[in-house]
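Chemist: Chains F and C supply the protein sequences, listed in that same order.
By UniProt numbering, the letter at position 194 of the first sequence is numbered 194, and the numbering carries on one by one without gaps.
By UniProt numbering, the letter at position 207 of the second sequence is numbered 207, and the numbering carries on one by one without gaps.
By construction, these hints were calculated from the structure, which means they are not laboratory data.
Certain hints may be false.
Which copy? The list can't say, so a pair holds if one copy fits it or any two copies do.
Derived DSS-like pairs: lysine-lysine, alpha-carbon spacing no greater than 27 Å straight-line [said to hold, decoys possible]:
#1 K169 to K159
#2 K303 to K314
#3 K129 to K351
#4 K169 to K129
There are 2 protein chains.
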Amino acid sequence: MQTSFSDIGQRLAGTSGIQELMDDLGQALNNQPDMRMLGGGQPAAIPAVQALWRERMQSLVNDQTTLDKTLLNYDPPGGNPLFRQNFAAFLKRECQWDVQTENIGILPSSQTAFFLLFNLLAGQTGNTKKRILFPLMPEYIGYASQGLCAGMLSGNPAKIEQRSAHEFKYHVDFDRLRITPDIAALSVSCPTNPTGNVLTQEEFHRLRDLARQHHIPLIIDNAYGHPFPGVIHTSFQPSWEPGMIFSISLSKLGLPGTRTSIVVADPAIIRALSNMNASTALSNGNFGQAIINPLLADDTLLKLSRDIILPFYKQRSDFATQVLHECLQDKIEWSLHSREGAFFLWLWFPKLKITSAELYQRLKARNVLVIPGHYFFYGLDEPWDHSQQCIRLTFSQPEAILREALEIIADELIALH
Amino acid sequence: MQTSFSDIGQRLAGTSGIQELMDDLGQALNNQPDMRMLGGGQPAAIPAVQALWRERMQSLVNDQTTLDKTLLNYDPPGGNPLFRQNFAAFLKRECQWDVQTENIGILPSSQTAFFLLFNLLAGQTGNTKKRILFPLMPEYIGYASQGLCAGMLSGNPAKIEQRSAHEFKYHVDFDRLRITPDIAALSVSCPTNPTGNVLTQEEFHRLRDLARQHHIPLIIDNAYGHPFPGVIHTSFQPSWEPGMIFSISLSKLGLPGTRTSIVVADPAIIRALSNMNASTALSNGNFGQAIINPLLADDTLLKLSRDIILPFYKQRSDFATQVLHECLQDKIEWSLHSREGAFFLWLWFPKLKITSAELYQRLKARNVLVIPGHYFFYGLDEPWDHSQQCIRLTFSQPEAILREALEIIADELIALH
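Bound-form chain F, shown alone (with noise of 0.2 Å):
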């Protein structure tokens, strides 16, 4: 039967360039086992956060009645009341937010968050069509086909600052933002999966400062940032406050299994998602909150960010940076991103003479698998040569397999300038 899609079924089920990239990722790990795997977005394996994930099971199984509810439950859409009363007091208490329980919301994955609130708030609104605005692209290569309606999500490219010959980093270009009257929202993951790039406190606040004088939301995507797993190497913190729309996920506590984030915003915005989470889904998996809820009394969670996966997480970062730099030294012209937070190195290479995706094959064929950097530059007005020439790498991998990478990643980038 040759069935046909609707014109939302299309833009969601389509090949989309994600898609296409993951069915490679997919078919490139069944049938080659030995390829060397940069893609993904999956936190490490952190033995002793896999330790206390095992001891919170074992407490679970052992608790009866918790894991009786936690299985047989339906619990309201917007997440378990007691949960979400104790994620409000932990974020009071821990981040010194002025949050109740009314601005928490429990929604099936920060994926499904955005998902919900972009086609929330824009798409067609009565006579107008709204929009979404990234002020900082490149951005997360998720959010790009959840529009369900065609050209409703807009980026604003980066200003590049050169840091030094190897060193750039990525700002808001404020002198190019124009919040029109169409803008629904502006939205930033911070750190930014792909670049590692974190808002400056100063960025932050003009960006606070526009939303506000525009009464649309700030949206912030802290998945890999505060309050955990919190890796994040500058200085900064972002404070919630009335107006804004935080997202912060367990996914990247290692714990992406069980689907679960937690969204901070105005307790009319958690009501409406509610209202869409119980139309699509009924209500959230039990496992995420079941197995972080004790948790939430004490600082186990900041502690275990602070001292156990950023100090991870940056070594490896630093591991792959300086191999990095021992393969390509001078050899051709290459930039790295600035290494704030997040889990990846994003590579910048100006005399690239080939597009990304094509370097992301020649690198296939070599077995190794990088996401080429096209993907995250969308909802553009004009074309930039940059988004051509850079590519996004995981550090996650064991450093073996991460230095043979690097170094086939180097071998050939010499050989193509």
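Use these hints to put chain C onto chain F, whose structure you have.
Modeler: The following block gives chain C in isolation, referenced to the frame of chain F:
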């Protein structure tokens, strides 16, 4: 901040009937702890079933490799490859369905499966607007708010067969069923939530033939039925064939907290749903698949359904029916839908002089919560008096509470007539 919501946002997040009702139920639960809850669709706490899930959880915690993967891995958006393979083998062996791994897709709940399916197949499609047709209305309340386009869900009113003084059954009214070119699919829950109706084998075959003739899918929601939890009291056993879309759920096995559904469909549909799941949720929660996977090797799930779950609900249903007959006798005109499956009694009062919403309020004032029937009638071309004359009761509650509640319902209705 007064944030405006998009048209789609208002559709999904607005105060639809079901969301108002859920709020009302939630309030009642919190403020009236002595409320007799005959409202929800939660599975009952069946000791032998709970024992199995506790045992599986302990085994999972003992198996560190699998536990670590369950917590730490992002599986592909269509589900764990091994689970899909094992589930296909299970269906082939136990149900004799001709399915391969590519026919199996995992999604985070049936609710999500239907949200994605309806919007994949129907809504704006080029220049035409396609619709989902429910051939047997009343239907599941949770579908009603899932359409991203206005008017994309249509219902065909059931034909009523009065079988005896106090028993009736719905049939598909094939004389009124008009499959125009804008119909994208036929969709039936079987057993039907709320009515407990089960299609006859003949109805199923006629629907199959009609769908085939019009080159559209026949969608069957098996949440309460085949192959598990198997709460079907007739001999009906649907067999999946190419072109059909079947949805199977872990929820009514007692695992709603895992949010796991299995869709069986043509590979093109499975691929589209997986891609949609990537866009909207990235991947599934892993616990449901991890708990069930080892049980697919034999007929444990079918035996559990047949020997434990089915008799449990049958006994409760018989008890509730007996109490109803004792209380109502022939004092008023009342009729119960033939009890063919699922967890509900569907009661019809043909001479009711108030709306079902008013009846709901009166019963709530007497600490009995039911679901007023009118929510289950939607997408109809013209008003139907019958839609105001029904209520849905769940019989999962302990017998003492069930008896009290039914006595109050009878008392109120006798007073009203």
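Chemist: So which hints don't hold here, by number, going up?
Modeler: Result: hints 3, 4 break, sorted rising.
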